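Once you've looked at the hints, go ahead and assemble the two chains, each given alone in its own frame, into the complex.
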Amino acid sequence: MSNSKIQIVVACGSGVATSTIAADAVKELLTELGIQNYNLVKTSMTELPNMVDSTDVILTTNNYKTDEKPCLNIMGFVTGINEEKLKSQLAEIFLNLK
Amino acid sequence: MLKQFVHDNLVFLDKEYKDFEDVLSHVMKTLINENYAEKDFEEALLIREKEFPTGLQLDGYAVAIPHGGSQYVKQDFISMVTLKNPIFMNRMDNPEESLAIDILFIIGFGKSDTHLQCLKQLMGLIQDPKVIEDLRKGTSIMSVL
Chain A
1 MSNSKIQIVV
11 ACGSGVATST
21 IAADAVKELL
31 TELGIQNYNL
41 VKTSMTELPN
51 MVDSTDVILT
61 TNNYKTDEKP
71 CLNIMGFVTG
81 INEEKLKSQL
91 AEIFLNLK
Chain B
1 MLKQFVHDNL
11 VFLDKEYKDF
21 EDVLSHVMKT
31 LINENYAEKD
41 FEEALLIREK
51 EFPTGLQLDG
61 YAVAIPHGGS
71 QYVKQDFISM
81 VTLKNPIFMN
91 RMDNPEESLA
101 IDILFIIGFG
111 KSDTHLQCLK
121 QLMGLIQDPK
131 VIEDLRKGTS
141 IMSVL
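Chain order of the listed sequences is A and B. The working numbering applies: residue 1 is where the first sequence begins, and numbers increase by one. The working numbering applies: residue 1 is where the second sequence begins, and numbers increase by one.
Isolated chain B, as found in the complex (with noise of 0.2 Å):
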């Protein structure tokens, strides 16, 4: 069921940034020109990450999971970043607390309910350290799906 929303244009392996602002801002060119979202979107992510963080502390390792912005998504996606070096993004649960992020799904729905299985999909996903290890390691994510 993920499949139809994580597209090969959209998952960027092994990139170097210096923090989410520098992600999103590489991330959005993607997304502008391949008709995912709208320029808006950028700065609905960026405050929304600001006020309610979305980083998840799992079990030995960190995942965030930036989404929002629903009004400027034009079709739904979700584009995975897999980083070199980890950037730092505050805690969704604890948002004082920063975590070390080395892998991102940013996450483009404009309606959540109609997707509820497809994001209890990625969570499952996200919980398993071997399948994010091999993400890490190059493996298509599509292969893991």
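Chain A with its partners taken away, still in its complex shape (with noise of 0.2 Å):
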């Protein structure tokens, strides 16, 4: 993982407008955290399954549960409500991945 960039996709019902949204919050909470090296992916959830594969984190603003790979609703960065739990939540998911 260390000398890979992490793959990161964001997801939600279209790929247009909240993933939008979301994808931005989770670029600067990885600035936030000083974490450069990684590729940001947004997609709609539709292509998703697709993607799995090939990415180390999935993030949306549905309702989608996989085991595997680390997997997190951020429909919070969308609305404001229990934010600040969620940016904790995911900067551990990110750097247990670093």
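Rather than coming from a laboratory, the hints here were simulated on the basis of the structure. If you're wondering where the values come from, they're calculated on a predicted model, not measured in any experiment. Please note that a few of the clues may not be correct.
[Said to hold, decoys possible] Straight-line C-alpha distance at most 30 Å; calculated DSSO-like pairs for lysine-lysine:
(1) A:LYS87 to B:LYS130
(2) B:LYS120 to A:LYS87
(3) A:LYS65 to B:LYS111
Here it is in structure tokens:
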């Protein structure tokens, strides 16, 4: 892991609006954590299953669950509810992968 | 920044509709007549809402942000609809759960990335209970932007 980029996928229903907002918040958090070695892609929930294999972290604004990879609902970045808790959960995932 | 996408003719206040389909079919008339979207936008949004709902549970109230069908958007827009009586729509992060929605922001963006600031501004607005209350009372959305 240490030499390769962290592959992050952010998915929402259409891959258009909420994933854009959420992805931006994720990037801000990565900057705060001093993590620069990552590759973040946005996608739709329909495309997401095809990307699970090639990704390290799955973040969605929907109700997606998998045991294969670390996965987190990041709706809080869109609604602002429990955003701080979400940030610390996500930070833990990223720091474990680094 | 939002001001360039929110137009007076796309603001519908204190309306009575029975469900989202009903809301959309009314808004579509203006979207088509004023050249904001093609007819197919309507179906794209209905399908999208069914598969991936857009209801947001906020702090003490709920808002829906239907969007999608970007290929049918001709001019980027945000349409606001406030309802006299709430309609039920499903929750984005838990589609099994339905929410009583009394304000909708229908978002039509051809491409998302260029509109990040605008979407963030809209989300900031939606998260403010005072703003939502004012909008429901009929305060012009232009005055809160």
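Results for each hint:
no. : hint                : in the structure
1   : A:LYS87 to B:LYS130 : holds (26 Å)
2   : B:LYS120 to A:LYS87 : holds (17 Å)
3   : A:LYS65 to B:LYS111 : holds (28 Å)
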